[in-house]
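Undergrad: First to last, the sequence lines map onto chains A and X.
The first sequence begins at 58 in the working numbering and counts up one residue at a time.
The second sequence begins at 58 in the working numbering and counts up one residue at a time.
In short, the hints are calculated from the structure, not lab data.
Only a predicted model underlies this, so the values are computations on that prediction, with no experimental measurement involved.
Each residue gets a CB set at the ideal place from its N, CA and C atoms; glycine is no exception.
Hints may be right or wrong, so weigh each one.
Unchecked claim - Computed Cβ-Cβ distance ranges for the label pairs, DEER-style:
hint	chain 1	residue 1	chain 2	residue 2	range
1	X	393	A	202	35 to 41 Å
2	A	113	X	367	54 to 60 Å
3	X	339	A	115	41 to 47 Å
4	X	314	A	93	53 to 59 Å
5	A	70	X	309	23 to 29 Å
6	A	202	X	309	35 to 41 Å
7	X	249	A	116	49 to 55 Å
8	X	69	A	284	17 to 23 Å
9	A	344	X	118	33 to 39 Å
10	A	268	X	296	55 to 61 Å
Number of protein chains: 2
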Amino acid sequence: MAQTYRRLVLAHRPEGMPDDSTFRMEEVPLPEPKDGEMLVKAIYLSIDPYMRGRLRDVASYAAPVQLNEVMVGGVAGQVVASKNPRFSKGIFVNGMFGWQEYALSDGKGVRTLDPQVAPISTSVGILGMPGATAYFGLQDIGKPKAGETVVVSAAAGAVGGLVGQLAKIHGCRAVGIAGGQAKCDYVVKELGFDAAIDYKAERDLRAAVQRACPNGVDVYFDNVGGPVSDAVIVSLNTFARVSICGQISQYNNESPELAPRLYWVLLTKRARMEGFIVSDFGARWGEALGKMADWLRSGKLKYKEDVVRGLENAPTALRGVLQGKNFGKQIVQLADMPH
Amino acid sequence: MAQTYRRLVLAHRPEGMPDDSTFRMEEVPLPEPKDGEMLVKAIYLSIDPYMRGRLRDVASYAAPVQLNEVMVGGVAGQVVASKNPRFSKGIFVNGMFGWQEYALSDGKGVRTLDPQVAPISTSVGILGMPGATAYFGLQDIGKPKAGETVVVSAAAGAVGGLVGQLAKIHGCRAVGIAGGQAKCDYVVKELGFDAAIDYKAERDLRAAVQRACPNGVDVYFDNVGGPVSDAVIVSLNTFARVSICGQISQYNNESPELAPRLYWVLLTKRARMEGFIVSDFGARWGEALGKMADWLRSGKLKYKEDVVRGLENAPTALRGVLQGKNFGKQIVQLADMPH
């Protein structure tokens, strides 16, 4: 085993898009687990849009990362040393271990993974936070009914790709919005969406939404906010539901963007718009991930991973996610899976 | 009885605020009821914000008023001639009889009124559409819980004044937003709100909302939209509910006003924003108006009417409502109550 490991700490709170000065790489000695602790070797680091919020020194639903602290992140890894009887050496685990190659943990919030059931990288994707996000955000907030039209933005992302497939399982018409022809082709041809809209290619997004949704929009699962969402909101049907999962187009703004007021749509359509955070459904993750695993096994759900190697590439990967460059679940692989 | 009567028809669809060219006064012969019909003499004409929407030639939740048609409106009046066995001459009724001194009706959507129970003008106010609007919009959409803070805009209006009093009945802190010291004094001293904010006098509305709501905002009953609502939305608590009843500040806009995007608040606070139209609750109006009548009798609810006389003043009264000039329920009295 190495005697040192690398970690990325928050060096500087960014204004706008995070840049090279945002994080600082440190090389530090490998610690020894004390009683009750274990040492985890990180294999897959999850890169997610919520991370931008943690860089901001503002009280939100979760505490911000402090300066000189390791950046937060979900990780799938392997226990390489343990003085915790619940986690023996060699097993695979998932936890919020952060942007580092090794992590000490007392086991709180850590779940064990069985690589025979599914690749452990799925624990940061379809069988983890993004999977639960798609499940609860669509089912509990969007409340789709068979025959309705469900639109999802960032449709080729970790969450969006699942939302459209879940909409199909619910018997709905699934329409994805994504940037670029390749992503649009993917969600229709690979994931089985009924239609896709390339927001980068369409000059008139409202018209594109109307073409793709001839019966209007009953559920909008919003990952992005901004003008894309404006174009969907004006096509909402009576009693439509908007599930606000993310507003990625806005995360780098230092002050709110100006946009047309569209609250009148909610009024005339008696529509509902509701934000949610997947951790509020913590007690029901077992339900969500159990069903997602069933659908994965039966072939009803597919997923795609966008993997880069090396901790030093995590900042670029995060920038990519914030710019919509990722294609599928963004992961940084920090080590090989053991044979 | 008169041989002719006056009515106001839509002459011209307004851009922006309705003006003198919007409506045209006509004097026409008094009709005779045919079999199944009755002739109603209008006494109280209701003036309501929704009327602005009916002037617009756009499909919405209700059909627009057509050019040269009588303007829509709720009316309390008296049957002066009848060939409908359900409505005998002399009784008082409420119906959508429009902006005219007399109306023929086949009785559809007409309810009878007992002037011994409450003044018949209440049928266009606390015991009518505005009352049901306050009741369902607060209870069914806002879902207030005892101890929570409820904020309502247009707090001295027909609906807003009731919402704050209902919030008190629910055991909540009631905070009203209104224009001018007189209205603010009224909602606190007469209606029993806990606090009021004069949006015309406050330079920093956000700070004023924070002062009036030291524990944040759990329910926002929105009648106005615009910057007033922006100031409330940023103070929403986790799991807050916004009941969108009206957006009166926006009704005269020909295209949406630009405003800061605040959807991120719904996300981080997991808040819900939902529009509603009182007619969707039509099957339950009996429940609402029965309770409102009980609370009115027991002194738990008070109301105020802002009455002008003469059909020719209806357009000015509507402009006043759209500008927040009314103080209490705006009514145009078209005739004296019979002795």
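Undergrad: Could you run down the list of hints and mark each one as holding or not?
TA: Each hint, compared with the structure:
For residue 393/X and residue 202/A, the hinted distance range of 35 to 41 Å is not satisfied, since their beta carbons lie about 53 Å from each other. Judged by the Cβ atoms, the range 54 to 60 Å given for residue 113/A and residue 367/X holds: they are separated by roughly 58 Å. The beta-carbon spacing between residue 339/X and residue 115/A, approximately 44 Å, falls within the hinted interval of 41 to 47 Å. Distance hint check: the CB atoms of residue 314/X and residue 93/A are about 58 Å apart, consistent with the given range 53 to 59 Å.
For the hinted restraint 23 to 29 Å between residue 70/A and residue 309/X, the CB-CB distance of approximately 42 Å leaves it violated. For residue 202/A and residue 309/X, the Cβ-Cβ distance of about 37 Å falls inside the hinted range of 35 to 41 Å, so the restraint holds. Checked against the hint of 49 to 55 Å, the pair residue 249/X and residue 116/A fails, with Cβ atoms roughly 33 Å apart. Range check, residue 69/X to residue 284/A: Cβ separation about 34 Å, and the 17 to 23 Å hint is violated.
For residue 344/A and residue 118/X, the hinted distance range of 33 to 39 Å is satisfied, since their beta carbons lie about 37 Å from each other. Between residue 268/A and residue 296/X the beta carbon distance is about 37 Å. The supplied range of 55 to 61 Å is therefore violated.
In this structure, the hints that do not hold are numbers 1, 5, 7, 8, 10, in rising order.
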